[in-house]
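Quick mapping for you: the protein sequence lines, in order, are chains A and B. Mapping of the first sequence onto the numbering used here: residues 3 to 486, in sequence order. Mapping of the second sequence onto the numbering used here: residues 651 to 970, in sequence order.
Don't take each hint at face value.
What the hints assert, rightly or not - Think about it this way: if two alpha-carbon atoms lie no more than 30 angstroms apart in a straight line, the pair counts; the simulated DSSO-like pairs of lysine-lysine are:
1. B:LYS898 / B:LYS855
2. B:LYS855 / B:LYS810
3. A:LYS188 / B:LYS896
4. B:LYS896 / B:LYS845
5. B:LYS969 / A:LYS453
6. A:LYS455 / B:LYS656
Because the hints were derived from the structure by calculation, they are not lab data.
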Amino acid sequence: MLFNSLEYFIFLPIMFVLYWFVLNKRLKFQNALILIGSYYFYGLWDWRFLFLIIASTFVDYFVGLMIHKNEGDRSRQKLWLWISVVFNISLLGFFKYYNFFVDSFVDLFEMLGYSIKSTWTLRIILPVGISFYTFQTMSYSMDVYYKRIKPCHDFLSFATFVAFFPQLVAGPIERASNLLHQITNKRTFNYDQIVSGLKLVLWGLFKKMVVADGIAPIVDDIFLNYETYPSSTLILGVTLFSFQVYGDFSGYSDIAIGTAKLFGVELMSNFKFPNFSRNVAEYWQRWHISLSTWFRHYVYIPLGGSRVSQSRAIRNICIIFLVSGFWHGANWTFIFWGAFHALAYIPVFLMGRNTIYKDSVVGENSFFPSFVELGQLILTFGIVTFSRIFFRSESLTDSFNFISRIFTDFQFVPYEHPNGYRMLDYFILLAAFVLYEYRIRKDERNPFKFKSKVVRFVVYTVVIFAILLFYDSGFDRSFIYFQF
Amino acid sequence: MIRLFKNILIYGILILMVLEGLVRVFHLHNDLPERYVAKDGILKWVPGQNGYTVYGNRRQNFAEYHINSSGYNSYREFKPTDNKTEIAIIGDSYIEGFHQNYYNSIGKQVENKLDNVEVYEYGHSSNDLADQLYLIHANREKFDKVDYVILYVKYENDLKRPEYEFIPREPLFPLLRHSKLVVYLLNIGILDPVKNLHQKLNSLKNGMLAGGDNQQGAPKDKPKIDRDSLYLENFKSLVSKYGFDKSKTAILLDSRITNSDFLAYLKQEHINVIDFSVPFEEAGGHRRTTLIYDRHWNHTGRKIIAAEISTYLQKVFSKE
């Protein structure tokens, strides 16, 4: 079930009413409702893969209990932790990476001059959300192991924590220390929280249906036919893709966070206006925050983080970016994307500027950014956008051909979409979107922060009207990050 | 809780009202004309209506229409005579031309290319070959004066019936259509899931009324008929029932989406064909021939059709 589908807008109010008005007397009933609703929500894609979620839930629930039971016996605890890690990584490895490894192995042998006819590749369907829920369950076991949390003894609550439908298929990847206690404790109906949730759902829908889906046909055309377009069009294509992927994924996250609020649950922020980052390090503090946090806590810090020698710190940065790239997909393009970001991050790290913007936003004390900041924003956006060529291309060959055409076929030709889309509409849309996001840049959880009720009403109406203006029924409306 | 529902209701109603106003102010909705059943028993548009058709969101296709006294969207009245040269193009919505300004239709473009010719466009949405041949049959006197007839046949849709039968066409949610916002939402497809649900419920209801067991049993009893054979039989049946003057009729079609046996039959029967597949194929590379949100022909597509018809007619008239 998609967040931007009619089914969801029937499902959600039913869940809401049952949750707050029928089953509100007992927490167990509310959790049972969320669990059943979540399995239904997921099962509409492919009910067979529900078994993977259930298996992952059972394994980590049991692992958590066993780690706790073996308190004082660190080696046994470690063994149980490894069971969780191996199990979840195996799920990912088989469903997501098996064919990649086989193909890469065959390619490697061919490069060495041996021809192998591969019969090992399998027709595997990638289960939606597998990268998200496996990371979430693993993090639970690790948090129990590192004594950050106590194990959950209530299986129903734990299963609800794993399958919580707003964030089941594309995050935010929650850590048990943030989400689990909200599931195990009684939630109360809070008017302000629910209104805030509805606003986020509306803003998420706008980002998805207007910004991302609006420009998607243009991006698709340019990347599909890049060999026929001049450099100006290719630059336009990758720039629009930058907005598309941001609108798509941050829109999803907003709807997820907003939906969770409707059920009295606060999920972590996943995006904090990454397009207004002043360097690549700040970008990673603002883009897909739940994944960056996950890698920092469970990979980077255990490796020593930055509190080691400079060479080891650089090695750690490389590892974390390569793993992050690989997490996105079983394709060399994602590994190159990760490597590119590592290369862009290392100079910032060496200059000691990787945390300087941690607690501030661009134009902190003024309405407009300074010229220096503007330059920083453009440079960072340019670097990040360039890296997206790897992210979007089907293969490494396509990526390099795309880049090569940008630098070798340099000419400006106004782009015309073969279907005749009016490009001016999209330029106006994106300009308005960027300006509006700049206006609200200090609070990602409150996109409609206006004192005047009239202004708020006008903005709601404009947002809904824009959804109607850019809605395209002939377009596949699923979310980009579902493939990960 | 009451406060939440009250505010949602108030905001919802106010937003809907403002959206209704915005849709009207920017004329984003489609002004679909009214239909009526004419004396010849054929569904037509009520004469004298003028308005604008809008397809796609953001008015991506905005065109003016004019319904003439014969009940068709056209810049001219259909009054064939013995001494002038008149061409009739008969078809469905592609010929009806609500996707272009009525004064720049395919017919008008054909007229511009040929001298002293009047083109009558008998197009009506969803009409198939049964509707087309019945129209000629029911207005024999008028069509006897027409010098040449071109029938647009889309193989996939137009050969499903062996004979003409009046089918009333009611728009979905007729009462709700008073709201221009609803009209707009229906047009851009945002309400497609509701439409599909409505259709599913209707077919379920009809199935239940007809008796579930009988419905399930029916396919077993029926011999399996090949679709292409059925369409060919339907064509033969329509031709024998309503007549088909081969000397002054041609079928306009796209051979890429037409069954090869059907094409062979037309050839065998010496039925004239105007095949626009090649120019469409050539134009279809980067500059496509259909609209953005719709499979109807865009300006390029219509231009090609008009050119193909004109070239064909020039050949026909030069032989004469």
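Against the structure, the hints come out as follows:
1. As the CA atoms of B:LYS898 and B:LYS855 are separated by approximately 47 angstroms, the hinted pair breaks the 30 angstroms bound.
2. As the CA atoms of B:LYS855 and B:LYS810 are separated by approximately 24 angstroms, the hinted pair is consistent with the 30 angstroms bound.
3. Restraint check: the Cα-Cα separation between A:LYS188 and B:LYS896 comes to about 81 angstroms, which exceeds 30 angstroms; the hinted pair is violated.
4. Annotation: proposed proximity of B:LYS896 to B:LYS845 is violated, straight-line Cα distance about 42 angstroms (limit 30 angstroms).
5. Between B:LYS969 and A:LYS453 the alpha-carbon distance is near 79 angstroms, which puts this suggested pair outside the 30 angstroms criterion.
6. Restraint check for A:LYS455 and B:LYS656: the C-alpha separation of about 16 angstroms stays at or below 30 angstroms, so the hint holds.
Against the hints set out earlier in the document, violations occur for numbers 1, 3, 4, 5.
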